[in-house]
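Asker: Chain residues, written in single-letter form:
Number of protein chains: 4
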Amino acid sequence: MNKIRIGNKIRIGVIGAGRIGKIHVDNIKRHPRAQIAAISDLYVGDELLEWAASRGIPLVTQDSENILTNPDIDAIFICSSTDTHVQLIKRAAQEGKHVFCEKPISMDYRQTEEALEAVRAAGVKLQVGFNRRFDHNYKRIREHVQAGAIGDVQLVKITSRDPAPPPEEYIESSGGMFMDMMIHDFDMARFLSGLEVEEVYAQGGVLIDPVFGKHGDVDTAIVTLRFEGGALGVIDCSRKASYGYDQRAEVFGSKGSAASANDHPSTAVLSTESGVWSDKPLHFFLERYEAAYFAETESFVDCLLQGNLAPVDGNDGLAAERIALAAKMSLQKNRPVKLSEIM
Amino acid sequence: MNKIRIGNKIRIGVIGAGRIGKIHVDNIKRHPRAQIAAISDLYVGDELLEWAASRGIPLVTQDSENILTNPDIDAIFICSSTDTHVQLIKRAAQEGKHVFCEKPISMDYRQTEEALEAVRAAGVKLQVGFNRRFDHNYKRIREHVQAGAIGDVQLVKITSRDPAPPPEEYIESSGGMFMDMMIHDFDMARFLSGLEVEEVYAQGGVLIDPVFGKHGDVDTAIVTLRFEGGALGVIDCSRKASYGYDQRAEVFGSKGSAASANDHPSTAVLSTESGVWSDKPLHFFLERYEAAYFAETESFVDCLLQGNLAPVDGNDGLAAERIALAAKMSLQKNRPVKLSEIM
Amino acid sequence: MNKIRIGNKIRIGVIGAGRIGKIHVDNIKRHPRAQIAAISDLYVGDELLEWAASRGIPLVTQDSENILTNPDIDAIFICSSTDTHVQLIKRAAQEGKHVFCEKPISMDYRQTEEALEAVRAAGVKLQVGFNRRFDHNYKRIREHVQAGAIGDVQLVKITSRDPAPPPEEYIESSGGMFMDMMIHDFDMARFLSGLEVEEVYAQGGVLIDPVFGKHGDVDTAIVTLRFEGGALGVIDCSRKASYGYDQRAEVFGSKGSAASANDHPSTAVLSTESGVWSDKPLHFFLERYEAAYFAETESFVDCLLQGNLAPVDGNDGLAAERIALAAKMSLQKNRPVKLSEIM
Amino acid sequence: MNKIRIGNKIRIGVIGAGRIGKIHVDNIKRHPRAQIAAISDLYVGDELLEWAASRGIPLVTQDSENILTNPDIDAIFICSSTDTHVQLIKRAAQEGKHVFCEKPISMDYRQTEEALEAVRAAGVKLQVGFNRRFDHNYKRIREHVQAGAIGDVQLVKITSRDPAPPPEEYIESSGGMFMDMMIHDFDMARFLSGLEVEEVYAQGGVLIDPVFGKHGDVDTAIVTLRFEGGALGVIDCSRKASYGYDQRAEVFGSKGSAASANDHPSTAVLSTESGVWSDKPLHFFLERYEAAYFAETESFVDCLLQGNLAPVDGNDGLAAERIALAAKMSLQKNRPVKLSEIM
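The listed protein sequences correspond, in order, to chains A, B, C and D.
Numbering of the first sequence is given in full-length UniProt numbering, commencing with residue 1 and proceeding in unit increments.
Numbering of the second sequence is given in full-length UniProt numbering, commencing with residue 1 and proceeding in unit increments.
Numbering of the third sequence is given in full-length UniProt numbering, commencing with residue 1 and proceeding in unit increments.
Numbering of the fourth sequence is given in full-length UniProt numbering, commencing with residue 1 and proceeding in unit increments.
It is worth saying that the hints were derived from the structure and are not from the lab.
Wrong hints could be hidden among the right ones.
Just so you know, same-sequence chains aren't split out, so a pair can sit in one copy or run between any two.
The calculated lysine-lysine pairs, modelled on BS3-like cross-linking and capped at a C-alpha distance of 30 Å, are [as the list claims (entries may be wrong)]:
#1 29 <-> 9
#2 9 <-> 125
#3 214 <-> 125
#4 338 <-> 22
#5 255 <-> 240
#6 214 <-> 255
#7 90 <-> 255
#8 103 <-> 338
#9 240 <-> 90
#10 90 <-> 333
#11 90 <-> 214
#12 90 <-> 29
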């Protein structure tokens with residue numbers, strides 16, 4: 001029997017052991033140069049303990065301070081509720097720990113700016129959870145755009161539809177369609193085009209379920225964007241696509257277009273007397289972005305190991321939040337809103 | 001040798017022997033129950049005469065009155081320039097002839113209304129040249145919508161991109177992107193959804209060629225629509241798609257979506273070391289809508305023979321013109337414009 | 001009113017006014033340089049007369065000799081039953097008329113050779129009705145192969161499935177699956193690859209309807225081919241594909257592959273909770289090869305006008321017949337059969 | 001800090017730490033109810049030790065007996081060269097250990113039968129490494145067939161092409177195209193159709209590289225199959241598809257067809273003036289069947305945990321080997337060979 005000493009690994013603590021926190025834990029475990037050191041959650045019950053044991057997590061705690069102050073931890077994943085993000089980022093920065101934070105950083109871009117300031121002051125890295133940047137389809141579009149294959153960007157189109165609305169308790173505190181759901185799409189618009197948004201116009205409606213209206217939210221929206229330099233963009237968004245998660249994008253430019261389609265559980269096509277039938281798209285974000293979640297973690301770990309810049313950082317988080325706020329204002333006032341008005 | 005007498009045919013005169021007029025002539029000739037009686041054009045030269053002879057057209061004239069007053073002619077196709085449409089419709093109506101008129105009827109919706117009034121007063125039929133209603137792909141989407149397959153309409157998306165910009169002399173007198181090009185898409189939005197448009201917001205830019213700006217026009221636009229009942233729509237439009245004519249639509253509703261893709265010259269796919277390659281879309285409207293142009297003529301002839309209503313009539317023409325005018329105003333004022341403001 | 005003299009047109013007589021004969025008549029009529037001079041059919045009734053009148057055909061006759069000996073006729077389309085082809089080709093050749101003949105020329109390749117000899121002796125042109133050579137998809141594959149895009153041909157795959165079996169009376173006299181149906185595919189194998197077949201092995205079965213077995217025929221078959229130089233091929237064939245006419249091909253070579261898919265009535269895709277649905281392929285050969293039938297006629301007329309070689313000639317007809325005979329023998333003997341054995 | 005005791009895990013030893021052995025190790029590690037206990041390889045060097053350490057494998061040994069006789073090991077993965085499989089299966093069975101064995105079990109079906117007999121006698125389970133049975137696309141076809149969606153099976157078509165030929169040293173000892181490469185396809189033919197093969201006819205050639213001929217092998221082949229009950233099948237196979245790994249299948253029956261296409265790295269489509277481009281298929285088996293390899297391991301572990309039958313067992317391995325032997329004989333004799341001749 002032989003053993004060898006392994007190279008240093010990044011030791012990670014995860015705050016918030018909900019659905020997304022657990023995904024990150026499993027992805028950290030799969031990374032050969034990372035290890036999971038601890039998780040915290042406000043509620044530690046048998047189920048969580050059993051789950052943590054099955055993953056071999058050495059420490060499960062209710063108090064995130066046990067993680068933040070742990071000298072054996074290099075980086076923190078913040079997967080708790082949005083209202084805790086800013087405070088946790090500041091604490092992590094104070095403790096000199098690198099941060100991966102789920103989106104959005106906050107509902108108030110001024111608080112986000114404070115968090116970014118703390119990160120800058122501490123010299124730690126901050127990556128924001130825009131997992132779609134690591135999706136194979138969007139990345140490929142971005143590559144085509146960056147390679148100049150489509151020339152100058154003129155139009156950006158994004159379709160973003162969930163398979164089913166969230167429960168009412170989620171809707172209440174979600175921050176609304178623009179901040180909760182379309183924030184990913186606003187980031188995609190910036191990522192795919194490589195351009196900053198200057199003006200937005202948002203149309204929305206309650207077409208699926210009155211519960212959205214009850215909480216001052218919409219369930220269906222079209223947001224048009226004007227980018228610096230004059231390119232145009234449009235995002236259409238729905239809380240319920242009966243056929244499943246619909247995630248497509250297209251960037252059109254002076255030399256052509258690059259467009260992606262949905263991913264499906266299989267390529268199988270059934271042809272019968274009644275038509276030609278194929279699978280619905282992959283059901284929801286866990287299935288569709290499974291590989292992207294892993295790639296996002298991989299990328300964070302690699303940037304820490306190699307001392308690189310975070311591939312999607314606090315400024316990206318802030319930019320998307322400001323677009324979301326502009327869209328919200330546009331919907332309320334039914335007029336285009338410039339990003340420069342958000343201040 | 002045997003001969004039999006054929007049943008009555010609709011006898012048609014075509015005013016305007018440009019590209020679109022010639023297409024209509026060939027399609028009329030292919031219809032077993034229609035015959036071409038005459039064509040007129042402001043300029044009758046050898047080329048036109050030779051072409052007319054090859055089609056066996058008995059009369060070629062410079063003066064459209066020779067057609068309008070010809071008692072052996074049942075119906076007129078108006079394929080001359082837009083500024084002549086209203087006057088010709090009125091004359092045809094006076095002469096008791098049915099009318100097929102290319103789009104738009106006019107640039108001024110009040111004049112269009114006058115033409116419609118003349119048509120109503122004379123009791124003749126008027127069909128407007130919205131050929132895309134007869135396209136196999138759009139028709140199929142419409143069928144799915146009408147059959148209830150997608151439930152209540154919530155979103156309508158249309159992509160409309162030309163392969164190359166028109167020459168400058170065309171741009172000057174075209175009426176601009178909204179009236180010249182997107183008028184088809186505004187009609188599609190109404191046709192596919194079965195809903196009336198209540199409000200539009202238009203974004204546009206000169207991203208392809210400054211010549212558009214010189215004439216106060218745009219070459220790239222995104223127009224969002226709000227339909228009666230709250231459904232939303234968006235049309236993106238470009239004067240130049242390097243890869244060819246891009247004509248797609250999608251209607252999304254409470255039970256699903258119906259979407260069309262482009263048509264291609266072949267289904268052949270070439271796979272080599274450098275990638276998987278397939279044909280560009282059919283080049284332009286003549287190729288893509290070849291069958292639709294025939295079906296449109298067929299439909300007009302059939303409605304005359306059977307005494308049915310025109311499948312797409314003056315009111316459809318008017319409605320699309322009013323949306324185009326609203327879009328134009330929206331672009332100028334950079335604010336949403338209600339259709340009720342167009343009066 | 002003006003008239004001009006049109007250039008000479010090819011004057012064509014059609015022998016056999018069944019389904020395929022009528023298609024050819026309509027296509028001849030659409031060609032600006034061809035005109036239909038006469039049709040003959042063994043049975044001339046009111047229906048045929050009415051149809052002929054609607055097409056403006058000047059002569060309808062029961063006796064093909066009235067066509068063959070007519071000095072005002074330049075070329076003959078032979079669309080009568082297969083057992084009349086050889087005799088009619090010989091007569092047309094004697095009369096110095098060019099011939100378009102439906103496939104197969106005959107069931108007996110020695111008789112076919114006699115017909116070809118008569119054609120050669122008379123110096124007239126003979127085109128065989130392998131319409132698929134003019135299909136947009138197959139042509140595109142052939143272009144890729146000819147352009148060297150796939151390198152040296154190594155594999156040829158053809159799928160050929162009818163939507164429904166023919167009636168029993170057709171089966172009785174059809175010549176069997178290989179001669180009636182797959183003869184097109186044997187021609188495609190030669191056309192797409194540009195190679196001659198040296199050996200075939202046929203497997204077949206009666207899996208759809210015992211009526212095929214009753215007449216010594218099969219309804220399902222797989223035929224493998226060995227081409228000169230060693231490339232391999234395979235054709236799968238069925239008399240009944242519930243989902244419609246299935247016509248696909250692929251040529252694979254040292255540098256890649258070129259493959260075609262089916263054509264469909266529309267590109268519309270319906271996505272609902274129960275899956276993603278699209279149209280079945282175009283129903284049958286009339287729909288799928290509508291454009292190919294016209295292109296085939298166009299090509300024949302053009303070769304006469306320009307004095308070119310027929311694009312698909314008697315030798316192509318003969319070659320496909322010999323492959324069909326070899327396949328038949330292979331099925332009977334359950335062993336591979338060399339083409340050199342067919343003599 | 002809290003800990004809980006985890007339920008029993010299957011403890012696995014892997015014999016053979018080549019490419020496929022390492023894949024299995026990583027997949028075993030990902031399974032929450034399995035753990036890797038040891039690996040053995042004929043050559044244990046620094047690279048292997050380092051790799052093993054990075055995976056936390058407690059034991060690395062040169063002698064497979066250390067694994068076979070280890071009382072703490074429940075099951076063995078045999079990933080060593082084919083000539084060792086039979087002996088290792090027998091040893092594992094003697095030691096009462098369950099076995100996962102890579103394909104083929106052996107080149108000599110009588111030896112395979114001996115190994116199966118040992119497994120039966122010992123009452124252990126044996127799963128054979130036909131990973132494609134766990135591929136999302138093939139599984140979906142199988143589901144459609146089993147659900148009766150395509151009716152009675154009439155035709156089975158499989159395309160199986162590698163992106164590049166293996167090195168000469170591999171070719172020498174591979175067992176030839178039928179036993180090495182097509183054995184997967186023979187298994188697929190049985191799996192997808194649910195039918196046994198009764199007769200095969202193989203055509204093959206050396207079209208890619210003479211090195212195959214030098215070792216009495218072919219690099220291109222078409223094998224036709226006759227199944228019990230009369231259904232037909234065909235597999236086309238190439239050692240080099242320039243555009244990448246080509247893995248498709250279709251099952252056609254009385255009610256329709258179920259067909260799969262290749263998987264691709266992304267759905268992105270680039271449309272430019274020069275055409276419409278998309279990604280080549282996933283490069284090779286490691287990429288294409290990545291998920292299938294995990295699912296295969298998962299399935300083996302689950303069958304051990306739950307006491308179920310192995311989802312693909314020794315008899316499946318034996319059946320595919322016998323088809324491969326029949327295909328080899330058919331190629332040599334250039335005649336169809338019945339499976340009953342292989343004995």
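Asker: Hint by hint, note whether the structure agrees.
Answerer: Evaluated hints:
1. Both within a single protomer and between protomers do residue 29 and residue 9 lie at most 30 Å apart by alpha-carbon distance, with minima of 11 Å and 18 Å respectively.
2. Taking CA atoms no more than 30 Å apart as the test, residue 9 paired with residue 125 passes inside one copy only; the shortest distance there is 17 Å, against 39 Å between copies.
3. Taking the shortest Cα distances, residue 214 and residue 125 never come within 30 Å of each other, neither inside one copy (39 Å) nor across copies (49 Å).
4. For the homomeric pair residue 338 and residue 22, neither the shortest alpha-carbon distance inside one copy (38 Å) nor that between copies (49 Å) is at most 30 Å.
5. Taking identical chains as interchangeable, the C-alpha atoms of residue 255 and residue 240 lie at most 30 Å apart only when they sit on different chains, with a minimum of 9 Å there against 34 Å within one chain.
6. For the homomeric pair residue 214 and residue 255, the shortest alpha-carbon distance between copies (23 Å) is at most 30 Å, but the shortest distance inside one copy (46 Å) is not.
7. Within a single copy, residue 90 and residue 255 get their C-alpha atoms no closer than 45 Å, and across copies no closer than 45 Å, so neither meets the 30 Å cut-off.
8. When the C-alpha separation of residue 103 and residue 338 is checked against a cutoff of 30 Å, the pair qualifies only within one copy, where the shortest distance is 23 Å, while the shortest distance between copies is 36 Å.
9. Proximity of residue 240 to residue 90 under the C-alpha cut-off of 30 Å is found in neither arrangement, the shortest distances being 36 Å within a copy and 49 Å between copies.
10. In this assembly of identical chains, the alpha carbons of residue 90 and residue 333 never lie at most 30 Å apart, being 34 Å within a copy and 44 Å across copies at closest.
11. In the homo-oligomer, the alpha carbons of residue 90 and residue 214 never lie at most 30 Å apart, since the shortest distance is 34 Å inside one protomer and 53 Å across protomers.
12. Taking CA atoms no more than 30 Å apart as the test, residue 90 paired with residue 29 passes inside one copy only; the shortest distance there is 26 Å, against 36 Å between copies.
Checked against the numbered hints given earlier, the structure breaks hints 3, 4, 7, 9, 10 and 11 and satisfies all the rest.
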